[in-house]
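Use these hints to put chain B onto chain A, whose structure you have.
Protein chains in written order, with the working numbering: chain A, 1 to 529; chain B, 1 to 310.
No lab work stands behind these hints, which were simulated from the structure alone. One or more of the hints may lead you astray.
What the hints assert, rightly or not - Using 30 Å as the maximum straight-line C-alpha spacing, the simulated DSBU-like pairs for lysine-lysine come out as follows:
| no. | chain 1 | residue 1 | chain 2 | residue 2 |
| --- | --- | --- | --- | --- |
| 1 | A | K455 | A | K168 |
| 2 | B | K56 | A | K411 |
| 3 | A | K196 | A | K95 |
| 4 | A | K299 | A | K342 |
| 5 | A | K190 | A | K107 |
| 6 | B | K56 | A | K144 |
| 7 | A | K299 | A | K394 |
| 8 | A | K196 | A | K125 |
| 9 | A | K299 | A | K353 |
| 10 | B | K56 | A | K137 |
| 11 | B | K161 | A | K251 |
| 12 | A | K251 | B | K147 |
| 13 | B | K147 | B | K161 |
| 14 | B | K56 | A | K148 |
| 15 | A | K168 | A | K475 |
| 16 | A | K125 | B | K56 |
| 17 | A | K190 | A | K155 |
| 18 | A | K190 | B | K56 |
| 19 | B | K56 | A | K196 |
| 20 | B | K161 | A | K529 |
| 21 | A | K294 | A | K449 |
| 22 | A | K274 | B | K161 |
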Amino acid sequence: MFKTFAIAASVATIGFATIAEAQTPRRGGTFRYTAGYGSSFAGMDIHTSNRAQDEIWARAIHRTLYNWDSDANKPVPELVASSTVSPDGLVHTLKLRDDAFFHHGRKLSADDVIWTFNRIMDGSKSYPGARYVRVIKGAVDVEKGQAKEISGLRKIDDSTLEMTLTEKVDPAFSFMFFVTAIYPADEAAKESFATKPIGLGPFKFVEYVPGSRLVAERWEKFYKPGMPYADRVVISIMGEAAARDVAFRNKEIDASILGPVQYVAYQADPNLSKGMLEVAEVFTRHMGMNLSYKPFTDKRVRQAINHAIDTDLIIRRLVRNKAVRATSWLPTSSPAYDESLKPYAFDPEKAKKLLAEAGYPNGFEFEWTASPNESWGIPIAEAVIPMLERVGIKAKIKPVEATVLAENMRKGDFQAFLYSSQSGPDPLTALKCYHSATPVSACNYVGFKNAEVDKLLDDAAATDDAAKRLANLKKVNAIIQDEAPIWFFNYNKAVMAYQPWVHGLQANSTELAYQDYEKVWIDETSPVK
Amino acid sequence: MLSFLVRRVLQTIPIVLAVAFLIFVLFSVIPGTFASSLSDDGRSIMDPAVVERMTKELGLNDPVAVRFGRYVLQLAQLDLGTSFRTRQPVTQVLAERTGPTLQLCFAAMAFAIIIGVPLGFIAALKPGGMVDTISMVTAVSGLSVPKFWLGLILMYLFALKLGWLPSFGYGGDPRYLVLPAVALGVAPLALLARTTRAAVLEIMNADFVRTARSKGMSEGRVVRWHLARNALVIVLTTVGLQFGSVIGQAVVVEKLFSWPGLGSLLVDSVTLRDIPVVQGAILLIVLFFLFTNTIVDVLCALIDPRIKYS
Chain A
1 MFKTFAIAAS
11 VATIGFATIA
21 EAQTPRRGGT
31 FRYTAGYGSS
41 FAGMDIHTSN
51 RAQDEIWARA
61 IHRTLYNWDS
71 DANKPVPELV
81 ASSTVSPDGL
91 VHTLKLRDDA
101 FFHHGRKLSA
111 DDVIWTFNRI
121 MDGSKSYPGA
131 RYVRVIKGAV
141 DVEKGQAKEI
151 SGLRKIDDST
161 LEMTLTEKVD
171 PAFSFMFFVT
181 AIYPADEAAK
191 ESFATKPIGL
201 GPFKFVEYVP
211 GSRLVAERWE
221 KFYKPGMPYA
231 DRVVISIMGE
241 AAARDVAFRN
251 KEIDASILGP
261 VQYVAYQADP
271 NLSKGMLEVA
281 EVFTRHMGMN
291 LSYKPFTDKR
301 VRQAINHAID
311 TDLIIRRLVR
321 NKAVRATSWL
331 PTSSPAYDES
341 LKPYAFDPEK
351 AKKLLAEAGY
361 PNGFEFEWTA
371 SPNESWGIPI
381 AEAVIPMLER
391 VGIKAKIKPV
401 EATVLAENMR
411 KGDFQAFLYS
421 SQSGPDPLTA
431 LKCYHSATPV
441 SACNYVGFKN
451 AEVDKLLDDA
461 AATDDAAKRL
471 ANLKKVNAII
481 QDEAPIWFFN
491 YNKAVMAYQP
501 WVHGLQANST
511 ELAYQDYEKV
521 WIDETSPVK
Chain B
1 MLSFLVRRVL
11 QTIPIVLAVA
21 FLIFVLFSVI
31 PGTFASSLSD
41 DGRSIMDPAV
51 VERMTKELGL
61 NDPVAVRFGR
71 YVLQLAQLDL
81 GTSFRTRQPV
91 TQVLAERTGP
101 TLQLCFAAMA
111 FAIIIGVPLG
121 FIAALKPGGM
131 VDTISMVTAV
141 SGLSVPKFWL
151 GLILMYLFAL
161 KLGWLPSFGY
171 GGDPRYLVLP
181 AVALGVAPLA
191 LLARTTRAAV
201 LEIMNADFVR
211 TARSKGMSEG
221 RVVRWHLARN
231 ALVIVLTTVG
241 LQFGSVIGQA
251 VVVEKLFSWP
261 GLGSLLVDSV
271 TLRDIPVVQG
281 AILLIVLFFL
291 FTNTIVDVLC
301 ALIDPRIKYS
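Chain A extracted, bound-state conformation (with noise of 0.2 Å):
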């Protein structure tokens, strides 16, 4: 197991990861770093908002019982100091750190993680990290206002936690998201927690200016000797790729998430080239078919859309090599990412083949969704829509916002769309959006039923033997790829620049803007002191 993620860690991290790790840390300094997500946070409640922009934030303040380890590209535990099953994989005993402490000085206990859990489940309130939550028994109770405590958490002492679950799931890929940070209970029932944050994280609340910035400054008490390095993190809000651009070279901020017009400008300078990060993150690009929709119902059809298009070509010139060619849902980074698997191969003439088999010789029309996002929306579509008509098909872009979109695809209206999915990092999470289980409104947005898929990811979530749970979800990232449910464009490159005096950046492919802050180092390079 542990060669595979090893295996699966080389591959995920692309580039230059290995920044300058043989220094020795400093401690002090700033670090500017930037939320380019949107040009607001939703606020200071990390648990109102599952959105990546939050994240950035939060993970400075706060912590979660498990978080994503970079380096071995596998979640570990992070409050949780150690932790036993019982034999039939369902209740957990987690012993917590003794030495983590909150900003206002008061020890982590299991108390806090009940009361945290609890208030997620609130079934009054809609927090994002119910999705999560819900995997320990009794929650769902609570959700529904059956129960006023989740009956599967029990405090066995100040340290220890009784954690029953429902299913036998590993908890670290459901409590390493931020939604599920722990709260102090004392504090957090208070109305000033939604604009004063306390957390268990490396820094402690300073100032959020909505809209513009927030600003930490080191914790003390943080519970990892030496961490973290920096005095202060500055993470400023920047919405346009562009200014962040200015911003980067004028040196004003220490690193910056790149799209792909600054990545090409950047690799081809030779100075700004020396200071990037590569990762494949855990997202998939593809156009999903409605599977219900007449021409898209025959495998051929779907097959045939994979081989009309040029996937490499457009990687190439449109996306600019930020991206890495998809072979089927599971991507490089994941530990059950077969690198035997190829890719569809480009040949209009099979894909005339397969459709005349298929009963469509002249081709047919479809209705494409679409939001006019760079990477993964109308720019795209636009390029592969001449090479359909080559083969007969012919694509209507359908131009919707990305909201829109979402919404579409919940609810199942739409006959092709463009997206990027979260394809990660939990490959059975993952596959599990095409279980015939798994409604259209959830992630089976395509509407995908296959028998044997089914059977093999029930297998999977039930053996003990991660061997064997590895295999079934190869076989079923391979069915997925010849059932062809979807285009397989690719998965996400990110990449973030970074100036000469930052180290200890994290290659994280679950999200390259999610960084652990008290790793990141500033030298005395820094122009600020």
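Below, chain B without anything else, positioned relative to chain A:
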């Protein structure tokens, strides 16, 4: 005067109601909801049960008539509702963002007035001269240039190349204000320069100016007492209208310079379908517009006694 102000305030009520109704109808018919916006970044999957609960909690399943009734009732109590996203009262969300926008708009208008009005005046005094030609070409260019592009050019030149000013930021250091204010102020500057020039030229040829000159009044007095005073009414009207539109145009500049004002809030709120905030922000912008126009009307009447409060 008092009756004029009361009348103007009463006139704003149907306008505000009409705007409120239009915004409500618009955002009731456009597709997409707050719940679906939470997964629109292609990075998050929303749990169907949470989406359902969220929709219920926010009252989005209620019939349009019920929602509109609730909205009007809240509005009558000066309550703009609660933000779907931040779960704070909309008034609080808007209060946090109004200051920066006003700061930016006042700075942009000050820049426009200080440069635009004298420029138009000087150009009009010697029409067809070099100053006139250069200033009018600049004015036309200023009106035509897209703000986003201009902002980027300013950033590139004054931050990156010359290193004189920061490219983004807010608070404390007044230098943060310079580039966004210039980017926002160039268009009103150009319009003010052109309007002033046209107004002064028109007045220069008026009978009362010719009479004043023929009676031997010095050129300085003609300019001060007749040209400037009469042109000021037109200039003031333009300033008032421009102040209102600058608040609306701040959207692009605020987003580019990461300025935490109403504009960037509005963009985010529309994208995320945070309807109460969108409704509140648009209403606030409309109220600003009405308020500045009332002030301008009062000032015009004070400057020119021929204008009645009617």
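Hints and how they fare:
1. For the proposed pair K455 of chain A and K168 of chain A, the alpha carbon gap of about 16 Å is at most 30 Å, so the pair holds.
2. Our distance criterion of 30 Å between C-alpha atoms is met by K56 of chain B and K411 of chain A, whose separation comes to about 17 Å.
3. The straight-line distance between the Cα atoms of K196 of chain A and K95 of chain A is roughly 28 Å, inside the 30 Å bound, and the hint therefore holds.
4. The straight-line distance between the Cα atoms of K299 of chain A and K342 of chain A is roughly 18 Å, inside the 30 Å bound, and the hint therefore holds.
5. Taken as a hint, the K190 of chain A and K107 of chain A pair is honoured in the structure, with Cα atoms around 18 Å apart against an allowance of 30 Å.
6. Distance restraint check for K56 of chain B and K144 of chain A: the Cα-Cα separation of roughly 13 Å lies within the 30 Å cut-off, and the hinted pair is therefore satisfied.
7. A C-alpha spacing of about 18 Å is found between K299 of chain A and K394 of chain A, which places the hinted pair at or below 30 Å, so the restraint holds.
8. About 21 Å separates the Cα atoms of K196 of chain A and K125 of chain A, which keeps this hinted pair within 30 Å; it holds.
9. A threshold of 30 Å between alpha carbons decides the hint, and for K299 of chain A with K353 of chain A the separation of about 13 Å falls inside it, so the pair holds.
10. Simply put, K56 of chain B and K137 of chain A have alpha-carbon atoms about 25 Å apart, close enough for the 30 Å limit, and the pair holds.
11. Under the criterion of a C-alpha separation no larger than 30 Å, the hint pairing K161 of chain B with K251 of chain A is consistent with the structure, at around 12 Å.
12. Our distance criterion of 30 Å between C-alpha atoms is met by K251 of chain A and K147 of chain B, whose separation comes to about 24 Å.
13. The suggested pairing of K147 of chain B with K161 of chain B holds, with an alpha-carbon distance near 20 Å, which does not exceed 30 Å.
14. With a CA separation close to 21 Å, the supplied pair K56 of chain B and K148 of chain A stays within the 30 Å bound.
15. Distance restraint check for K168 of chain A and K475 of chain A: the Cα-Cα separation of roughly 20 Å lies within the 30 Å cut-off, and the hinted pair is therefore satisfied.
16. For the suggested pair K125 of chain A and K56 of chain B, the alpha carbons sit about 10 Å apart, so the restraint of at most 30 Å is met.
17. In summary, the hint linking K190 of chain A to K155 of chain A is supported, as the alpha carbons are separated by about 23 Å, within the 30 Å threshold.
18. Our distance criterion of 30 Å between C-alpha atoms is met by K190 of chain A and K56 of chain B, whose separation comes to about 25 Å.
19. At most 30 Å may separate the alpha-carbon atoms for a hinted pair to count; K56 of chain B and K196 of chain A meet this at roughly 28 Å.
20. Distance check on the hinted pair: K161 of chain B and K529 of chain A sit about 23 Å apart at the alpha-carbon level, within 30 Å; holds.
21. At most 30 Å may separate the alpha-carbon atoms for a hinted pair to count; K294 of chain A and K449 of chain A meet this at roughly 15 Å.
22. Among the hinted pairs, K274 of chain A with K161 of chain B is consistent with the structure: their alpha-carbon atoms are about 21 Å apart, no more than 30 Å.
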